[in-house]
Amino acid sequence: MKVTLKIKRFNPEKDEKPWWAEYTVEAEPTDRLLDALNAIKWYQDGTLSFRRSCMHGVCGSDAMLINGSNALACKVLLKNLGEHITVEPMRGFRVARDLMVDLEPFFDKYKQVKPFFITYSVTPEKERQQSPAERERFDDTTKCILCGACTTSCPSFWANPEYIGPAAIVNAHRFIFDSRDEGREERLEILNHRDGVWRCRTIFNCVEACPRGINVTRAIGEVKKALMFRKL
Amino acid sequence: MYQRYDAVIVGAGGAGLMAALNLSAQARVAVVSKLYPIRSHTGAAQGGIGAALGNLEEDHWEWHMFDTVKGGDYLADQDAVEILCREAIETVYELEHWGLPFSRTPDGKIAQRPFGGHTRDYGKAPVRRSCYATDRTGHMILQTLYQQCIKNEVHFYDEFHLLDLLIENGRTAGVVAISLATGETYTFHAKAVLFATGGCGRMYRVSSNALALTGDGMAVALRRGVPLEDMEFFQFHPTGIYKLGILLSEAARGEGGILRNKDGERFMERYAPSLLDLAPRDMVSRAIYREVEEGRGIGGKDYVHLDLRHLGREVLDHKLPDITDFVRTYMGIEPATDLIPIQPTAHYAMGGIPTDVDGRVIVDEKNTPLPGFYAAGECACVSVHGANRLGTNSLVDILVFGRRGARHAAKFVRENDWAPLPANADERAQHLVAERMNAQGNEHQGAIRDLLRDEMMAKASVFRDAGRLTQMRESFHEIRERYNRIKLEDRSVRFNTELLELIELGGMIDIAETLVEGALARQESRGAHSREDFPKRNDAQWLKHSLAYKTPEGMELRYKPVTITKFEPRERKY
Chain A
0 MKVTLKIKRF NPEKDEKPWW AEYTVEAEPT DRLLDALNAI KWYQDGTLSF
50 RRSCMHGVCG SDAMLINGSN ALACKVLLKN LGEHITVEPM RGFRVARDLM
100 VDLEPFFDKY KQVKPFFITY SVTPEKERQQ SPAERERFDD TTKCILCGAC
150 TTSCPSFWAN PEYIGPAAIV NAHRFIFDSR DEGREERLEI LNHRDGVWRC
200 RTIFNCVEAC PRGINVTRAI GEVKKALMFR KL
Chain B
0 MYQRYDAVIV GAGGAGLMAA LNLSAQARVA VVSKLYPIRS HTGAAQGGIG
50 AALGNLEEDH WEWHMFDTVK GGDYLADQDA VEILCREAIE TVYELEHWGL
100 PFSRTPDGKI AQRPFGGHTR DYGKAPVRRS CYATDRTGHM ILQTLYQQCI
150 KNEVHFYDEF HLLDLLIENG RTAGVVAISL ATGETYTFHA KAVLFATGGC
200 GRMYRVSSNA LALTGDGMAV ALRRGVPLED MEFFQFHPTG IYKLGILLSE
250 AARGEGGILR NKDGERFMER YAPSLLDLAP RDMVSRAIYR EVEEGRGIGG
300 KDYVHLDLRH LGREVLDHKL PDITDFVRTY MGIEPATDLI PIQPTAHYAM
350 GGIPTDVDGR VIVDEKNTPL PGFYAAGECA CVSVHGANRL GTNSLVDILV
400 FGRRGARHAA KFVRENDWAP LPANADERAQ HLVAERMNAQ GNEHQGAIRD
450 LLRDEMMAKA SVFRDAGRLT QMRESFHEIR ERYNRIKLED RSVRFNTELL
500 ELIELGGMID IAETLVEGAL ARQESRGAHS REDFPKRNDA QWLKHSLAYK
550 TPEGMELRYK PVTITKFEPR ERKY
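Top to bottom, those sequences are chains A and B. Under numbering that gives the first Met the number 0, think of the first position of the first sequence as 0, with each following residue one higher. Under numbering that gives the first Met the number 0, think of the first position of the second sequence as 0, with each following residue one higher.
Calculated directly from the structure, the hints in this document are not laboratory data. Some hints could be false.
Unchecked claim - Below, computed lysine to aspartate or glutamate pairings styled on DMTMM-like, alpha-carbon distance capped at 25 Å:
no.	chain 1	residue 1	chain 2	residue 2
1	A	K1	B	E442
2	A	K78	B	D337
3	B	K150	A	E82
4	A	K125	A	D180
5	B	K242	B	D324
6	A	K1	B	D449
7	B	K242	A	E25
8	B	K300	A	E25
9	A	K113	A	D180
10	B	K543	B	D464
Claimed, not checked - What the simulated footprint calls covered on chain A by chain B, stretch by stretch (three residues with Cβ under 8 Å from a Cβ of chain B suffice, anywhere in the stretch; the number is not a length):
no.	stretch
11	7–14
12	124–131
13	174–182
14	212–219
All C-beta atoms, glycine included, are put in the ideal place defined by N, C-alpha and C.
Input sequences plus hints: build the corresponding full structure.
Set out below in structure tokens:
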């Protein structure tokens, strides 16, 4: 099939403002959008710039705005996008070049929630025990690949860049609901803030955007609930 | 830009992060990586990490060691394999202590499952040894290590691309890298350098590897006079999604999945009567090629079926959720009811930068170290995998030897001063960049990359012979000649990914050449190196490691002996 890609371009070295480039690619319907982007870069226009690596949705490099929705370019197939496809960088972060955004603020927020295992008790010689049910409790949020699709789909984040954002909350949830972790209170306190979980307005864009199928809004809701009931 | 550190680690996958964690408390360390750490390919590992915990049945590190040696067709150095299998156990517990969310047994221990080539009691039957976190074990390892690095405030240079290794008077003096964001070259002056730059599987058309896996560290070392060891041994994983090469974990067969040909026959019964579908990867990949060759591929094509239908949705959704998702997303089929088209996919380089068991890079057949230079993970060759790696052992390798390399490097930086930087330290790197930036020609980068990958796939993949390998050797003339005529369209300084891809491709051509030269010279079949014109293993002549050097006259091969301690080579049958 023939597909036309309209791609938002911006090179701060020479462009004053973003512009649209159009490319036509001959492709299989089962090709990934990333295959089409690579075909452009390798055979038509080497200046087109984007991040990519694993090509099957686990490294999180190629989140972008595809036909108006956030997704990983390697996890959407052309047959599901139609013959005319628009591709833009994720919203809400500074565009570094073309489809690449500045991710530093994103990782800064992630680091705020103490995204690492915290324990104060004595470490056993072998493994800490955890039942399958306890393990299941936080399974969903262990899947996060930090691609940024959820945070940059969130209207609350667009309106207020101070908002810590769904991705950081997902990563806090992964520890808060891990029966082995002992940093629950510290993490909850960090999120118990106007720009923490309470900024979430339950819009659900993040759930649709997540390429890993994480129920992000539910995770945020569980953190909110934990905050409301923790002193009871 | 000039930066000075005690140690610089290049690469931020499992080996690099493990090294960073073990070095950063004792020395000033920078981690330089072309990807954000969590984008590294360790995150794509699925099925598990092997360790004889014995959580579900009796198991011993000696059994693990035997399986690894036999799986590697007796080419692995057994002193190194012993370390690998002994230290695997404490390593898995350490990961758990850092919070890694392993799947659990009903009584709350780390869950374990069977994997290809892992057996109980020296080959009697499959054993549950692979410690897993659903089918996202690598993702969890990468996340857990990165989390610990944040906790320990490790200093990262993200999206910095390695260009050169600095060696002065026989000592390592640092590395040169280019910042993707600014285009500036940085000279990192360091007492010790540890390469953890990963594999090179993108040299093949059908590959499970990320686009980033272009063997940068291997290529830089090779160009600086360091040999590459055992490059002729390259693993094809039996179950890649047809055409795309996306990995479907061996865990699928560990959980009971079966390979079938066009007649629905479980053909592994004919090739490996005792381990069946859980035979080591080299054997299963060859079996699939044979089935296809003899007309038993599906619809006469070059693929067979992976049958997971009998596992049921519960197992698929809970133990294999990611691969179930991949099959649904990319094939549009349902593994609970449909057969999955698969073909062998380029997966793992057993060879790499030669090291000893402390991660020190060695530069000749007498095991002479290059002081201050270390390597770990897929870019290195200890050798623990020999001629064929067992599933789950790469995750063990990156962690055990990432840690050991770091520990030795920590001692090295305490006891040594900085080697003086060579004059104009970044000159070669600058020259490389300028040469590519100014390249004039009419070739598209994609055409040359596709040519390399197609040729390697056709002439130097699962089955080899002198005829095809010789043709491949000839192809390098055309590939190199056309490479030099690639026109770089992007002349921007910042975020010039086209430039970096071009440099990657140049390195990959060199590495592919070491593979082909090693394969052509080795006139026997061993592990993943299968010569149709020399179908038998030949211990009398070839029980030895190859070392490939890049010289002005071309590739030069030397050889060094294999260390054998506990297990004398025997015929390899399953």
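Hint-by-hint comparison with the structure:
For a cut-off of 25 Å, the pair hint linking A:K1 to B:E442 stands: about 24 Å separates their Cα positions. About 21 Å separates the Cα atoms of A:K78 and B:D337, which keeps this hinted pair within 25 Å; it holds. In summary, the hint linking B:K150 to A:E82 is not supported, as the alpha carbons are separated by about 47 Å, beyond the 25 Å threshold. At roughly 16 Å between alpha-carbon atoms, A:K125 and A:D180 fall within 25 Å of each other, so this suggested pair holds.
Only pairs whose Cα atoms come within 25 Å are accepted, and B:K242 paired with B:D324 is accepted, the gap being roughly 17 Å. Restraint check for A:K1 and B:D449: satisfied, since their Cα atoms lie roughly 21 Å apart, inside the 25 Å limit. For the given pair, B:K242 sits about 17 Å from A:E25 by alpha-carbon distance, which is consistent with the 25 Å threshold. Distance check on the hinted pair: B:K300 and A:E25 sit about 24 Å apart at the alpha-carbon level, within 25 Å; holds.
The straight-line distance between the Cα atoms of A:K113 and A:D180 is roughly 12 Å, inside the 25 Å bound, and the hint therefore holds. Taking the CA atoms of B:K543 and B:D464, the gap is about 20 Å. The hint holds against a cut of 25 Å. Proximity of the stretch 7–14 of chain A to chain B, defined as three or more residues with a beta carbon under 8 Å from a beta carbon of that chain, is established by the 4 residues found. Interface restraint, the stretch 124–131 of chain A with chain B: holds (8 residues with C-beta to C-beta distance below 8 Å; minimum three).
Given a C-beta distance limit of less than 8 Å, the hint that chain B covers the stretch 174–182 of chain A holds, as 4 residues qualify and 3 suffice. Under the rule that three or more residues need a Cβ within less than 8 Å of chain B, the assignment of the stretch 212–219 of chain A is violated, with 1 such residues.
Hints 3 and 14, counting from the list given before, are not met by this structure.
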